[in-house]
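All chains should be modelled from the sequences, with the hints used to inform the complete structure.
Single-letter residue listing:
Protein chains: 2
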Amino acid sequence: MVDQSTLNELVRIVGKENVLTSRVSLNTYMYDASLVYGQPEVVVYVQDAQQIAAILKLAGSKKIPVTPRGGGTCLSGGAVPQRGGIVIVMTRMNRILEIDPENRVAVVEPGVTNMELQKAVAPYGLVYMPDPASQKVSTMGGNLGENSGGMRGIKYGLTRDHIIGMELVLSSGEIVQIGGKLEPIAQELNLNALLIGSEGNLGIATKIICKLTPAPRANRTMLAIYKTLEDAGTSVSAIIAHGIIPCTLELMDNKIINAVEDWLHIGLPVDAGAILLIEVDGWDAGLDRQAQQIMQICRENGATDVKLAQNARERDNLWTARRMAIGAIGRLAPNYDMEDATVPRTKLPEILKEVNRLSQEYNVPIGMLAHAGDGNLHPLVLFDERNKEEMERVEKVRAALFRKALDLGGTLSGEHGIGLAKLEFVRWAFNPEELQFLRRERLAFDPSEILNAGKTVPDTDTAA
Amino acid sequence: MVDQSTLNELVRIVGKENVLTSRVSLNTYMYDASLVYGQPEVVVYVQDAQQIAAILKLAGSKKIPVTPRGGGTCLSGGAVPQRGGIVIVMTRMNRILEIDPENRVAVVEPGVTNMELQKAVAPYGLVYMPDPASQKVSTMGGNLGENSGGMRGIKYGLTRDHIIGMELVLSSGEIVQIGGKLEPIAQELNLNALLIGSEGNLGIATKIICKLTPAPRANRTMLAIYKTLEDAGTSVSAIIAHGIIPCTLELMDNKIINAVEDWLHIGLPVDAGAILLIEVDGWDAGLDRQAQQIMQICRENGATDVKLAQNARERDNLWTARRMAIGAIGRLAPNYDMEDATVPRTKLPEILKEVNRLSQEYNVPIGMLAHAGDGNLHPLVLFDERNKEEMERVEKVRAALFRKALDLGGTLSGEHGIGLAKLEFVRWAFNPEELQFLRRERLAFDPSEILNAGKTVPDTDTAA
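Chain order of the listed sequences is A and B.
Residues in the first sequence are numbered consecutively from 1, following my numbering.
Residues in the second sequence are numbered consecutively from 465, following my numbering.
By construction, these hints were calculated from the structure, which means they are not laboratory data.
If you want the ones that stay clear, here's a sample from chain B, every Cβ over 10 angstroms from chain A, calculated:
(1) Asp467
(2) Glu473
(3) Asn482
(4) Arg487
(5) Val488
(6) Tyr495
(7) Tyr509
(8) Thr555
(9) Met579
(10) Thr692
(11) Met759
(12) Arg795
(13) Tyr800
(14) Glu849
(15) Lys852
(16) Arg891
The calculated DSS-like cross-link candidates involving lysine-lysine, where the alpha carbons are at most 30 angstroms apart (straight line), are:
(17) A:Lys155 - B:Lys583
(18) B:Lys671 - B:Lys600
(19) B:Lys671 - A:Lys155
(20) A:Lys207 - B:Lys619
For clarity, every value in this text was computed on a predicted model and none was experimentally measured.
Just so you know, even glycine gets a beta-carbon here, dropped at the ideal spot from N, CA and C.
As structure tokens, then:
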């Protein structure tokens with residue numbers, strides 16, 4: 001409970017103007033991009049690590065839940081203060097502290113957006129590789145907490161492959177340095193990697209050290225068109241099996257194609273059952289051959305047509321189509337839920353078939369997007385949140401989808417996290433000993449369990 | 465203390481023939497490839513996870529230290545039972561359990577050597593990327609514990625980039641699954657990454673899931689010859705700054721060149737101050753241009769000659785020279801100590817100069833090898849262990865070297881671990897709060913601190 005003395009302390013720490021308690025302010029911080037809600041008792045804007053340390057000491061002494069929040073784009077409830085307490089808004093800690101092109105490293109505050117970092121390093125011919133679709137809005141702190149991915153994950157990995165150190169405020173209020181500017185270099189316990197994707201349960205990062213990569217010299221972008229979703233899925237497996245690693249391998253089904261085309265009119269094949277967007281990058285000389293091989297594999301696996309983008313405009317059109325897909329789908333229904341169940345790449349045809357079946361069985365429309373090269377599905381389940389009966393069917397579809405992904409050897413999350421939205425499914429993925437182990441691990445960092453309380457690892461009766 | 469009842473229990477768990485207590489057996493397990501020693505009280509051969517679980521329960525109840533041991537090639541004392549207790553020998557758990565070429569994953573037991581894994585996956589056109597120089601002998605369990613690197617680290621990363629899951633026996637005797645066959649995929653707390661490089665302090669891996677990579681299609685190998693070590697160091701920084709990422713970028717100084725040439729007679733330039741061995745790999749088409757650019761950069765930075773290997777025999781000769789360097793140096797002195805202090809790549813010329821200076825100041829011969837592309841030095845300090853006075857100078861050189869590496873923004877270990885050999889230097893790298901934090905983290909896994917006790921994190925008086 002946040003009582004008056006707590007509020008007074010918060011005002012002392014960050015100043016009156018940075019402590020919000022009005023009804024409208026609290027309502028503003030109830031949600032993120034998921035379907036879960038929860039009202040905070042107070043919202044606090046912070047400027048630096050010392051303020052956060054003071055807040056965590058205060059909260060720890062009174063066992064008040066603390067929810068750090070960046071851009072609020074989390075798809076699994078990571079920024080939702082379901083147990084009330086304090087929301088710490090990180091967006092004013094938004095300075096790029098250092099760009100070191102020689103060592104290919106940038107140091108940023110957590111409120112810097114992914115796109116701001118990209119823009120800052122571009123003049124040096126460098127790239128920060130993870131590029132979540134939310135990159136214009138989502139912050140580096142949030143990217144760290146959720147281990148964000150993006151369209152280049154298949155070749156370049158996720159956030160955990162590109163953040164190599166951080167300054168971290170522990171739940172005790174201690175401030176520690178984890179990792180550093182060197183990479184690839186071992187150093188003590190790899191706490192850095194543990195923290196990436198820990199969904200705010202282990203500490204609050206106040207500086208983030210990012211690895212930068214030389215921008216690829218050239219690329220080739222292809223569009224492969226299919227009659228069926230399964231054929232597209234089979235092509236993905238075949239490309240991977242052939243030992244070619246594209247930087248991007250994205251799948252869109254007929255529903256998504258039409259939603260985008262209706263909106264943008266860029267000439268997508270509206271009769272196709274599915275399309276693949278495929279890009280290879282690297283040194284120019286090898287790319288034509290790789291592109292030819294990929295197009296050949298697509299044709300051999302049922303593509304009715306395969307096109308190579310002939311210029312920058314054609315390429316931009318294809319990526320615009322992909323980036324706008326989620327916005328376009330918003331035109332089809334009042335609400336959508338985008339899931340990131342992930343399966344081994346070889347199981348892609350099977351899970352695509354199952355999603356189709358679920359859509360029909362429960363009479364719930366589902367558009368299919370996927371980071372197909374990673375086996376990372378992004379099915380967009382469409383519905384109207386106000387329709388209770390429909391919501392029950394949607395929940396059944398979600399549960400069946402994740403159940404199937406696990407049965408196929410997959411996981412509950414490719415990049416969006418567990419948060420609140422998938423908390424109960426976690427019990428399917430781990431046995432009781434493993435859940436206790438995860439919980440003990442968390443308690444080692446946060447003994448009072450105030451940090452993003454109640455998320456990621458479900459409660460266990462017998463937890464140590 | 466291992467008393468008779470403990471011995472009886474061990475015999476019950478693994479059978480009489482797998483419990484060794486003779487003087488000669490205990491002496492055999494006193495050492496690894498570092499300069500530290502310690503005699504175990506008993507040596508146990510294990511066959512499976514259940515036996516290990518039973519041993520850890522027993523050891524935990526009596527607070528007996530347990531040291532897991534693979535090939536015994538650790539360079540920092542990781543396999544040395546300094547506090548006595550039980551050595552668990554893992555080498556009989558040496559089955560390759562699964563090779564899954566479609567998902568590019570292999571599952572192995574920890575006693576499989578790195579080379580055995582390489583040979584098993586080669587027929588599928590796949591490679592397990594980390595290739596420590598010890599690969600013929602060192603086991604995958606040891607590679608995991610120490611986060612082993614190798615000559616391809618600059619492009620392909622270390623062990624932590626290539627092990628994606630494991631079965632782990634906790635200190636409590638519980639057996640848990642961490643990570644899985646999917647990659648790149650987030651899943652819960654990234655305990656997998658935490659465990660890689662944790663030097664046996666957090667648990668004992670009994671199955672290891674390895675990521676495999678398509679073998680590069682082609683390569684180009686170059687030899688650049690320099691008058692001085694500093695010129696070679698400057699070239700390394702320049703190549704990296706140019707945005708080219710070779711798969712290998714190795715440095716050898718005059719002392720190493722001559723030791724190798726005296727032994728192998730393969731035509732190395734014995735008058736050179738230093739050489740760089742450089743390889744690029746990937747799709748054939750782009751490689752000639754990359755090689756030309758690299759050779760140009762080397763010439764611009766002081767190389768007196770640069771040669772491109774013209775055929776497989778010339779390439780093999782160059783790699784033989786590098787792989788045999790450590791063996792060759794063994795001909796120069798009764799003992800050597802190979803360190804892996806690591807600095808930012810831009811600081812390479814500076815640290816190379818300092819090592820030269822230390823060698824002269826303390827009158828200790830040092831041959832310089834380096835995974836130069838990673839900034840990862842492998843100075844070989846030469847001495848005779850029986851000479852007490854010389855040993856004191858060697859210890860001073862070691863301390864000064866690591867102090868300088870840290871001052872330059874470097875780390876204590878690129879890939880060999882902390883173990884016992886660098887334990888006291890750790891206090892220079894972390895402040896007391898950070899040391900306590902590392903210790904708490906360790907205690908979360910191993911509350912009785914029996915696992916590889918006394919290593920990696922120095923004792924702190926105030927540890928929680």
